[in-house]
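Given only the sequences and the hints, what does the whole structure look like? Please build it.
2 protein chains.
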Amino acid sequence: MFLDDIAHYVPAEAVPNSYFATVNGLSDEWINTRTGIKTRSRAAVGENTNTMAIEAVRRLHTDVTDVDLIVAASYTPHDTVATIAHVVQREFSIENAAAVFISSACSSLINAIEIVEGYFAMGKASKALVIAAEHNWAFSNESDEKSGHLWGDGASALVLSKNKNAASKAEILDIYTRGLAHVGQGPEGVYLTPHKEGLMMPNGRDVFINAITYMEEALFTVLDRNQLTSDELDYVIPHQANQRIINNLANRMNKVNGTILSNIDRLGNTGCASTAICLSENLETIYKPGVTVGLTVFGGGYSSGALLLKFL
Amino acid sequence: MFLDDIAHYVPAEAVPNSYFATVNGLSDEWINTRTGIKTRSRAAVGENTNTMAIEAVRRLHTDVTDVDLIVAASYTPHDTVATIAHVVQREFSIENAAAVFISSACSSLINAIEIVEGYFAMGKASKALVIAAEHNWAFSNESDEKSGHLWGDGASALVLSKNKNAASKAEILDIYTRGLAHVGQGPEGVYLTPHKEGLMMPNGRDVFINAITYMEEALFTVLDRNQLTSDELDYVIPHQANQRIINNLANRMNKVNGTILSNIDRLGNTGCASTAICLSENLETIYKPGVTVGLTVFGGGYSSGALLLKFL
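Taken in sequence, the protein lines are chains A and B.
When we follow our numbering, the leftmost residue of the first sequence carries the number 1, and every step to the right adds one.
When we follow our numbering, the leftmost residue of the second sequence carries the number 1, and every step to the right adds one.
Among these hints, one or two may not hold up.
Unchecked claim - Cut-off 20 Å, straight-line C-alpha distance, at most; resulting in silico cross-link-like pairs (EDC-like, lysine to aspartate or glutamate): (1) K124/A <-> E217/B; (2) K124/B <-> E217/A; (3) K196/A <-> E197/B; (4) K124/B <-> D224/A; (5) K196/A <-> E142/B; (6) K124/A <-> D224/B; (7) K124/B <-> D68/B; (8) K196/B <-> E142/A; (9) K124/A <-> D174/B; (10) K162/A <-> D5/A; (11) K124/B <-> D174/A; (12) K169/B <-> E281/B; (13) K196/B <-> E197/A.
What the hints assert, rightly or not - To be clear about the criterion: a stretch of chain A counts as covered by chain B if any three or more of its residues have a C-beta under 8 Å from a C-beta of chain B, and this derived list gives those stretches: (14) 8 to 18; (15) 178 to 187.
No lab work stands behind these hints: they were computed from the structure.
All values derive from a computational prediction rather than experimental measurement.
Just so you know, even glycine gets a beta-carbon here, dropped at the ideal spot from N, CA and C.
As structure tokens, then:
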């Protein structure tokens, strides 16, 4: 399968660490040292996962009216019935498509692309729109000192084709996903009860350890399956949960600065949209035929996933 | 693909129509005449989509520890991070499975099974657990006179295999899903903003008309693709939204009483779990080798889908 187009939308507001001094009692230095976050994106009043998703799709350079599959991912849905997939279908007058919304927390982007891979394999679709959007500020509790300061908002949209075509930018060489609820604290590590407590991360240490372990495992799984070494991988884009997790992963993958990409300092943790936003932001800089990129993700629940692509 | 096992869980409490006389001002006769509902299931305090899903899986007669894919569906999720798929994975010690949560509103069950079909086609899974669970009472507004009286709670679990085996009860002949957000009121017809208004159906008339039209279209799509006529279909299980929709569909499909199955009188609208609960409830009665069953669904957003199975 092929990646034909990618775009992203990040809300204009960047909330600095200083905002949290009086909100959850954490200082700029404390937050920056422990997470690498300096500012985080925040949706404006009236914005939500549905509106941000539409905005991301609008920024694509592809006519999406003829896609035959829409898979949208989020754990912070504005609407679980009139989902992102449905409002995008309506907004862009897409008349012949299957449409579904998914969540596997912060790892959902890779699950969404794997679902597309399945529709392509069945011959039930040949051009798909994948959207990842998060509105963390709508569900997080900013006064929670364990996680209130971590979250950002944003969306990304990808166009995928079964067959290579004039627009194709990259071939997706492999996709891997894994449910990891049996590991560590599993479903107790991070949770989001939308009508109760919202988004909470009571067991950050357990998330930290397992995120490193299983982002590495996922990425090596796709590398091994494609007879590639870590050294042959040009860029790694990990889920943007914490710069220390990213640095730890960089050490394990033997990646130097500049080859493991990050936007957490500016955007915070933008959930399942984070790797796609990061790829979209860096595309012009890193694009070169033959260059390989590995996405690797870890999500609450827990779940992991990795994707390997090669630019055409 | 094959259906090996199915089970369901419905909470014990059955709320009678008389409950609504003082709550949203509708009488038993008014509700019964317009919807066919006499009672609706209601989850107890402490129950939610995650607990009901676990209960449904527990009622299966299959060892699920070796499933390699878990797809869980709901538009009323207790948790969008520690999803149904994840808590089931942990509860039943499933160590080697992809896990994902989905919603396409009331049509999600068929989307979930189609996603499994994709994993089977790719060779990425061969034994899957599909769970559909709804906790409508957690998100609906009982005082809303347009829809407060419609909703029920419940869950169902299915075991699907790529290859026929000793446990296989039915072959799934075909699956069809379609996003219909471009039709009628689309995303305005029904919505569920989990942190705002909850579950609302402001445009019931539009839902009613399109549910009939597109449940018929979906079912005829799978019948036509399998060279079957409506007369050759032994049973129809439509989404349980309204007995008048079901009766209307029965007329269009030329189905007499007893061949179009229903549980809405007892359970209300149990969302994406409704057809699976109905199939599970009726399995012993209708099971006979060679018998064909068509499931057809319509969901908010809008979406539709149909599934054709033949008992072995």
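Against the structure, the hints:
1. For the hint pairing K124/A with E217/B, the CA-to-CA distance comes to about 18 Å; that is within 20 Å, so the pair holds.
2. With a C-alpha separation of about 18 Å, the suggested pairing of K124/B with E217/A holds against the 20 Å cut-off.
3. The suggested pairing of K196/A with E197/B holds, with an alpha-carbon distance near 14 Å, which does not exceed 20 Å.
4. The hinted pair formed by K124/B and D224/A meets the criterion: a straight-line CA distance of about 16 Å does not exceed 20 Å.
5. Restraint check for K196/A and E142/B: satisfied, since their Cα atoms lie roughly 18 Å apart, inside the 20 Å limit.
6. A C-alpha spacing of about 17 Å is found between K124/A and D224/B, which places the hinted pair at or below 20 Å, so the restraint holds.
7. About 8 Å separates the Cα atoms of K124/B and D68/B, which keeps this hinted pair within 20 Å; it holds.
8. At roughly 18 Å between alpha-carbon atoms, K196/B and E142/A fall within 20 Å of each other, so this suggested pair holds.
9. Distance check on the hinted pair: K124/A and D174/B sit about 12 Å apart at the alpha-carbon level, within 20 Å; holds.
10. For the hint pairing K162/A with D5/A, the CA-to-CA distance comes to about 13 Å; that is within 20 Å, so the pair holds.
11. Note on K124/B and D174/A: the hinted pairing holds, with a Cα-Cα distance of about 12 Å set against a maximum of 20 Å.
12. The straight-line distance between the Cα atoms of K169/B and E281/B is roughly 15 Å, inside the 20 Å bound, and the hint therefore holds.
13. A C-alpha spacing of about 14 Å is found between K196/B and E197/A, which places the hinted pair at or below 20 Å, so the restraint holds.
14. Coverage of a stretch by a chain is defined here by at least three residues with a beta carbon nearer than 8 Å to that chain's beta carbons; for the region 8 to 18 of chain A and chain B the count is 0, and the condition is violated.
15. With 6 residues having a beta carbon nearer than 8 Å to a beta carbon of chain B, the region 178 to 187 of chain A meets the requirement of three or more and the stated coverage holds.
Hint 14 from the earlier list is the only one contradicted by this structure; the remaining hints agree with it.
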